[in-house]
Amino acid sequence: GAGVSQSPRYKVAKRGQDVALRCDPISGHVSLFWYQQALGQGPEFLTYFQNEAQLDKSGLPSDRFFAERPEGSVSTLKIQRTQQEDSAVYLCASSLGRASNQPQHFGDGTRLSIL
Amino acid sequence: AQKVTQAQTEISVVEKEDVTLDCVYETRDTTYYLFWYKQPPSGELVFLIRRNSFDEQNEISGRYSWNFQKSTSSFNFTITASQVVDSAVYFCALMDTGRRALTFGSGTRLQVQP
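Those sequence lines, one after another, are chains A and B. Residue 110 in the numbering used here sits at position 110 of the first sequence, and the numbers go up by one each step. Residue 58 in the numbering used here sits at position 58 of the second sequence, and the numbers go up by one each step.
If you're looking for bench data, these hints aren't it; they were derived computationally from the structure. It is possible that some hints are incorrect.
[Stated by the list, open to error] Non-contacting residues of chain B with respect to chain A, defined by C-beta distances greater than 12 angstroms in every case (computed): (1) Asn67; (2) Ala81; (3) Thr97.
[Claimed, not checked] Short derived list, chain A residues pointing at chain B, Cβ under 7 angstroms: (4) Gly42; (5) Pro43; (6) Phe45; (7) Asn101; (8) Pro103; (9) Asp108; (10) Gly109.
Keep in mind that this is a model prediction, so the values were computed, not measured. Beta carbons are placed, not taken as given, at the ideal position from N, Cα and C, and that holds for glycine.
Taking the hints into account, I'd like the entire structure generated from these sequences.
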């Protein structure tokens, strides 16, 4: 597709379960980002990839959060032993190159609800 | 540390009114980028504009205009002759050149009534 694609669109899980969220960036985009957006708030940075290399994971809130992009294209954000405070919209974004001035293009997000 | 403040939580206007969304930022970096994004009810963040810290020229794009004032650390966004389709949450964001992470404000919800 033309834009960033995220799946699933909605995910409901019980506390303690593991979840995996998928992101398909725009074709050819080198950089990929994950953000977490709580209800009524702005997105908060989680992690950043340049191709397959994870260059910044400073925003990951705990070691239960793990992200990968093994072939430099599709990325997966995994949350282990989910907790209620993990409920949020998880946004993925991609940008064309490595330069910091290039805009990030976002997907529709995955709305995660932990019961 | 970087910070972006959007003091207006929600604004309601009637169609055809002009409206200005305020954005104030804090950063210790001398080189940085400022962005505005629109988030309609569908949830996708739509890129509107990027401005670098060395370019204080105001910009106009159709009904949209942006006023960047480095002296007051502000990057305000004006919609002229607002339309119902402008209803959305608008986010201002900051990025320094050493790091790719965007720092977002908490957003301003704009409601344009017909």
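Do the hints match the structure? See the list:
The claim that Asn67 of chain B is not at the interface with chain A holds, since no C-beta of that chain comes within 12 angstroms of its own (minimum 20 angstroms). Under the 12 angstroms C-beta cut-off, the non-interface status given to Ala81 of chain B relative to chain A holds; the minimum distance is some 26 angstroms. Not every CB of chain A is more than 12 angstroms from the CB of Thr97 of chain B (nearest about 5 angstroms), against its label as outside the interface. The criterion of a C-beta within 7 angstroms of any C-beta in chain B is met by Gly42 of chain A, whose closest approach is roughly 3 angstroms, and the hint holds.
Against a cut-off of 7 angstroms between C-beta atoms, the interface hint on Pro43 of chain A holds, since the closest Cβ of chain B lies about 5 angstroms away. A hinted interface residue such as Phe45 of chain A counts as satisfied when its beta carbon comes closer than 7 angstroms to some beta carbon of chain B; here the least separation is about 4 angstroms, so the hint holds. Proximity of Asn101 of chain A to chain B holds as hinted, the smallest CB-CB distance being about 6 angstroms (cut-off 7 angstroms). Against a cut-off of 7 angstroms between C-beta atoms, the interface hint on Pro103 of chain A holds, since the closest Cβ of chain B lies about 4 angstroms away.
Annotation: Asp108 of chain A was flagged as interfacial toward chain B, and the flag holds, the nearest CB pair being 5 angstroms apart, inside 7 angstroms. With a cut of 7 angstroms, the hint placing Gly109 of chain A at the interface with chain B holds, because the nearest CB-to-CB distance is about 5 angstroms.
In terms of the numbered hints stated before, the structure departs from hint 3 and from no other.
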